[in-house]
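*Asks:* Since the structure of chain A is provided, determine the placement of chain B on it from the hints.
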Amino acid sequence: MNRTDLIDSPPTSSVRKPAAHVAAQTTLWERLPDILALIVLSIGAILMMLPFLWMFSTSLRPIQESFKLPPAWFPTEFHFETYSAVFSSSVPLVAFALNSVKVTFFVTLGQLITCSMAGYAFARLRFPFRNTLFLLLLASLMVPGQVTIIPVFIIMKQLGLIDNHLSIILPFLTSAFGVFLLRQFFLTLPQDLIDAAKIDGAGPWTTFIRVAIPLAGPSLAALTIITFNGTWNNYFYPLIFLNTWEKMTLPLGITALRGYLASNSASVVMAAVSLAILPVLLIFLIAQNWFIAGITRTGIKG
Amino acid sequence: MAQIQKTASAGWLRKESQREALAGYLFILPTFIGYTALVIGPILAAIGYSLTSYDILSPPEFVGLQNYRDLLTDPRLHKVYLNTIYFTVVAVSLNVGIGLLLAVLINRNMPAFLKYIFRTAYFFPVLVALTYCSIIWQYLYQKDTGIINYYLGLLHVEPIAWLSSPAWVMPSIIAMDVWKNTGFAMLVFLAGLQGISQDYYEAASLDVANRGQLFRYITLPLITPTLFFNMIIYMIGALQVFDSIVVLTQGGPGDASRSLVMYIYENAFQLFHMGYASATAITLFIVIMLLTLVQFRVGQSWVHYE
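So the sequence lines, in the order shown, correspond to chains A and B. All letters in the first sequence, in the order written, are residues 1 to 302 by the numbering used here. All letters in the second sequence, in the order written, are residues 303 to 608 by the numbering used here.
In isolation and in its complexed conformation, chain A is listed as follows (with noise of 0.2 angstroms):
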């Protein structure tokens, strides 16, 4: 209340407005803080950026030179043998990255459709008990996967399914995080959007299809985008559940090579890391406003 009443009294916003003279007079101590926070976040920000810069510097380096110190933050020259080593025959690095886009593949387009669908009846559809069953799933993102893994791991035994990649699918084939994230999204859609696709005539399953989903494209987007980092990166369920090296995924099979490539050269392990965050690194640089809205959206209104 009494907030309104004083920016509503007009000589305010008049004062607050600097006039173009006066922010030319603005003393250098007057701006002291605004100074003193770029050299903060730019030293914080280049020492952010160092271990990155190490790792590829490293990657380039000859082999013999890899632990050179000081170390030469910036390469003269180009060695890129290191990157061949990566790719010889002994090396199933090839491998474990079609491992990896193959299991991030079924479990992003797994969790796309079972998401948006259980987001939109969450959201969208009146039927008894709904809440319950929100809550419900909703509760299950405080359970820990370290919970869950021991009977799942005898689940898969059972079914037969240990070092098939189905085992580090079927478990991530939904998400509590993605329902939720989407049906965030559903109830923002105007009632009347969905009344007037009723009236037309169409089912909840039409409704859905020709209505939802395709205002849904930007939350689509940042699901996609979480769920393939998230399994892109994943380490427990595949070092619990693959074990030859056929079957393995890239941060599995990198970090149980790391020994072997280590004998040959520190930088042939920077080489193969660099090659497995590249991936990462596009994709981020092309769709970063998706992905910080889908963090931000169900981080705010969580």
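These are calculated hints, taken from the structure and not from any lab test. Positions of the beta carbon are idealized from the N, C-alpha and C atoms, including for glycine. There's no promise every hint is true.
Covered stretches of chain B, going by a simulated chain A footprint (3 or more residues, C-beta under 8 angstroms) [claimed, not checked]:
1) 332-339
2) 343-355
3) 370-378
4) 400-411
5) 433-446
6) 512-525
7) 535-547
*Replies:* Same frame as chain A, now just chain B:
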């Protein structure tokens, strides 16, 4: 005539709402099949296994509460719990604190492209797999060949055994964790800060509030929901710390950096003490649930919802 029409339309409505309810259940069916098979079922099964002695090869043997009694007297379990709590308290505080500081600094007046660059730089490590980050940092932390000791050496600091001395190993793991994860908190805080109406600040500046007061009395109360969200998310994640420790130290030296989840993993999948590992995992579940409930309870007194 009117009567007939009314009944007909009521019948049509009822059929319509039944159809909608049926569709609702069908829509959530795939999710709930997964939920039952992979969350509810396994939780019940884990409780069951925790009451048995089970090595996968021979059938489980009922031992009552023996596993839980063993937990109480297992000195290694106490050690890994202490490590995990230490990690959680320090890593959550630093991740959330630094994330808030960064967000407040970035949220000042500055050109949009600088904001974009800072946001990208601080957030990027969040996206990179923890295993890769750990591999990189393991090299940086090397005692003799690592660049951290090299640059400290230029300042005449004796080489530090970052990953192999019991005193330094946890701070080293936490430092990497903060580098890797604080960008997430920053991003969530930035969204929270940008959601604060400018009106509040204009109103407050009439009372000649200085920057510190503005932050203390306007910004902080208004971002408490975001702060709360971050604390819960980071706490749940930190209590499950695993990947980074496995790659950096394998729990060493001794048990100096072994985490609770590593201990569960080793008991279950290396020693095949499935019953004992299940009992340990159940305690973790209970701890996470209790801490989350406590946070929600305490949160009511300090979280300010508009």
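*Asks:* Against each hint, give a clear statement of whether it holds in the structure.
*Replies:* Going through the hints against the structure:
no.	hint	verdict
1	332-339	holds (count 6)
2	343-355	holds (count 6)
3	370-378	violated (count 0)
4	400-411	holds (count 5)
5	433-446	holds (count 8)
6	512-525	violated (count 1)
7	535-547	holds (count 5)
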